[in-house]
Amino acid sequence: MSIAPMPRKISIDPITRLEGHGKIEIFLDEAGEVDKAYLQLPDLRGFEKFVEGRPAEELPQIVSRVCGVCPGAQHMASTKALDALFQVEPTVTARLIREVYYNLHVFEDHLLHFWFLGGPDFFVGPGAPKEARNLLGMVDKVGVETGRRVIETRKRARDLIEVIAGRAVHPVLGLPGGVSKRMTPAIRDDLRAYAKEAIELALFSLEAFDRLVWQVPEYRELFLGDVYRCESYYMGMVDAQGRSDLYDGKVRVVDQQGREVDLFEPADYAKVIAEHVEPWTYVKFPYLRKIGWKGLTDGPESGMYRVAPSARLNVSRAMSTPLAQRAREVYEKAFGGTTVHSVLANHWARLIEVLNCAERVQELVEHEAFLSPEIRNMNLNTPKEGVGIVEAPRGTLIHHYTSDASGIITSANMIVASMANVAAMSMNIQSAAKAFIHGGKADDELLNRVEMAFRTYDPCLSCATHNLPGKMPLQIDLHRKGQASRSLLRSGDGTMSEIQTPSQGA
Amino acid sequence: MSVFEPDIVAFVCNWCSYGGADSAGGLKLAYPANVRLVRVMCSGRIDPEHVATAFREGADGVMVMGCHPGDCHYRNGNHKALRRFRLFERMLVQMGIEAERFALEWVAAGEGKKFQEVTTAMTERVRLLGPLAIHGNVSPKEVTHG
Amino acid sequence: MAKVKVAIYWCSSCGGCDEAIVDMGTRILALRELVDFVFWPCAMDPKYSDVEAMQDGGIDLCLINGAIRTSEQETMARLLRRKSKLLVALGSCACSGGIPALANLKSLPGILERCYLKNPTVVNPEGTLPQLESHTADGYPMELPALYETVLQLDDVIEVDYYLPGCSPSGDMIATALMSILEGKLPPKGSVLLPDIALCASCRRNATKPVQLTIKEFKRLIHVQADPDQCFLNQGILCMGPATRDGCGAPCIEGNMPCTGCMGPVGGKDQGVRMLSAVGGILEGVSEEEVSTALDGIADPAGTFYRYSMSSSLLGSRREGNQAPKEGAP
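From first to last, the protein sequence lines stand for chains A, B and C. Using the numbering used here, you'd call the opening residue of the first sequence number 8 and step up by one each time. Using the numbering used here, you'd call the opening residue of the second sequence number 51 and step up by one each time. Using the numbering used here, you'd call the opening residue of the third sequence number 777 and step up by one each time.
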């Protein structure tokens, strides 16, 4: 009888129920216990380079294609970078329209994640059959009526987004100093009516979370336990009162005890944030410059920081709207403090933000300037350099452009939210793998529990891999007229070799 | 070692520039055999798609020739050619194809000498550039010429 | 009746087409009665190994979005072609390269330098770059797929049965196309699943376009505020409408922004040269100087005219050269 050798590596390929491409590699020792696990990002596109030579005003639409799930975030960060590039202040009306649009966008994006992507791990259960762990399984579990309500209410948010910004996937809205389209009384009425519905759905989602997740002891243990926990630094945007603000403000960094270690203006981001490169993945790892990169580890000595809903709650003192603030207080009580290290807490914090966004839409449309025709400030100055920061659904998003005097982009740097979470995701994937995989055995349920470690971050791996590295194996085809074609291969270590190919002729 | 012989395609309008080619012939002014003529009624008839296709199909250089502005047989066909191809030239450079590989010229029916001059100059310019190889990645480098 | 097995996959993609599928809203619940989603990494858990285990032709309909940028994406495209009866290129990236294909205007060394060495936040004194084969700090071997020098469109590597362009196509467009497919109402293979009509046909500003449209010069949107009712071209603002396929209903125009061409070419394969031709036809200038000034308002011809279709450009796309035979070709 032959004994099968203990597997030394388990791959989860691809990871699922998220945005973007990713792969998890889990390495085991001789006893089949997990030693290390890594999250790898295998795709990349090169936005930071190919936007060079494009007219600056085209960038909000081009960079929205970094991500089709959060295109509004890319679009808005880009638009704000253009404000800075052209040194132009958007009009009051433009800012209102942008904020209403943006809050609607984060509202529906967060809802997508809770109900369709991350939530099924709880509603349906991590051990449910693979075929059921998705939005359709969610509908089966909570009932068709609830399922419809969620789908329809979210869809109506997207319809309203289309009214404001032309389209939901890849909006057309932002211009330096303004927006492209004016609002009307009819649109405002629709938004008023919708905001009520949105607040109700947000409250319903919080209640569903409580009933279907928090009140289940087995799940609550996961939230409060050590497997899905990370004590990193935290980063997020806050307004002048220190409240969480998704659209504008300064960026705050706090430590593991919630003490402020940085509060910076967008223009100064490069003094605070640096990026580390590893050869085994295309994504770069942002970290706090003054602490330094210490690897895939947390704690005060490591420059790793996290972003996104629970991080935003950690860095801010309060929510900017009443119902969300109340919901936040319940959350803080449940976790026993204002600095929450539970990684799964993102699922809950996300819903508090959903409520906040809905309330913000309700507030903002009442502003007297919302319907004004003054949607663009045309006093643009000679463009040079600009940084725009917003809080994307998944965290702090930074766009930094330089241009020539005519407004053609000469360079771009983009620090995208999910990049900052990749290190923590990798860390938590490892802790989950160690907790659940033993003796070399890993069934579908156990592997899904490993995936739950990244899913709570609602990662946007298309965002994370916008860039393009090099020294990759390159095949160069040389065609010379009248001669045989030559194919050269430059392999990863830089050596060139020739591939024999049949002649292509003239 | 053989000398590179570029393939040049020249779109010429029936009334002026083809007449110019004819004049050149009549005056026994030789022009390079590298240049193959495609005769159309007017330079305004030539679509940038034709020029792009010529490059794609193996031309190392392409010319478009028409009547002098103001003299177009159809009044303003050559104005359209001027607008289209000045824009085309700007785009060509962005796509990694050297500007010298394309030329828009005005040649009248009686200008046999000019016809000879521009076609010869074009041939020599392109000869120096070498063969054109169109790749997916249109950035100017990464391509070595013979 | 057996349910139709559907797979949805993304190559070098932003996820927007997958979002658009979810934008079918409650129609997804109705589709459930007819369709089994057997593979859809964005929203469902089946993995690559599940696809490999399927029999050839076992997938009835496969929708692939995203451009081909890495060896892994080409491998997956070929695998899915083998396993699928019908295969649709969904979205501009799969149809013609899309936004990722703008990278074809740049060189790989330039890209590497910018991202890994030059960007102001990168701290990389050793000049580390991602490698096809490498090790983690703990010594574990890791592999990454190879990057292609050229961003390709889907039919550069496999035989595609139908095309549904757009960046992204809307939920409505996808629902309509899906229903046609499920009902077997299909045009000849190789067709685009939308009529060959230019955007101007459904643009509500079309009526404001004069019969003889001529413009003196093009203006960039940073210099001018667009009139929300008038044809953009008539205002001297570049709009890709004349060279772009209709089917989207012109939502960008509704947002008071000109069309940027995401529905791909109409009437031919190369969108850029068609737009060039159209522009040449409507400008007014007759002298070199007038024409030059007028054209200065088009600051980036290649990036504007081929924004979503660089892989289909006659002037640069890998059609010849050393390529493996296409999967699914007769």
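Accuracy of the hints is not assured; some may be wrong.
[Stated by the list, open to error] Facing chain A, from chain C, some residues (calculated, C-beta under 10 angstroms):
1. G886
2. G947
3. A1002
Derived from the structure by calculation, the hints contain no laboratory data. Note that beta-carbon positions come from the ideal geometry of N, C-alpha and C, so glycine has one too.
Structure-based check of each hint:
With its C-beta approaching chain A no nearer than about 6 angstroms, G886/C sits inside the 10 angstroms limit, and its interface hint holds. Taking 10 angstroms as the C-beta contact cut-off toward chain A, the hint placing G947/C at the interface holds, the least distance being around 8 angstroms. A least Cβ separation of about 7 angstroms between A1002/C and chain A falls short of the 10 angstroms threshold, and the interface hint therefore holds.
The structure agrees with every numbered hint stated previously.
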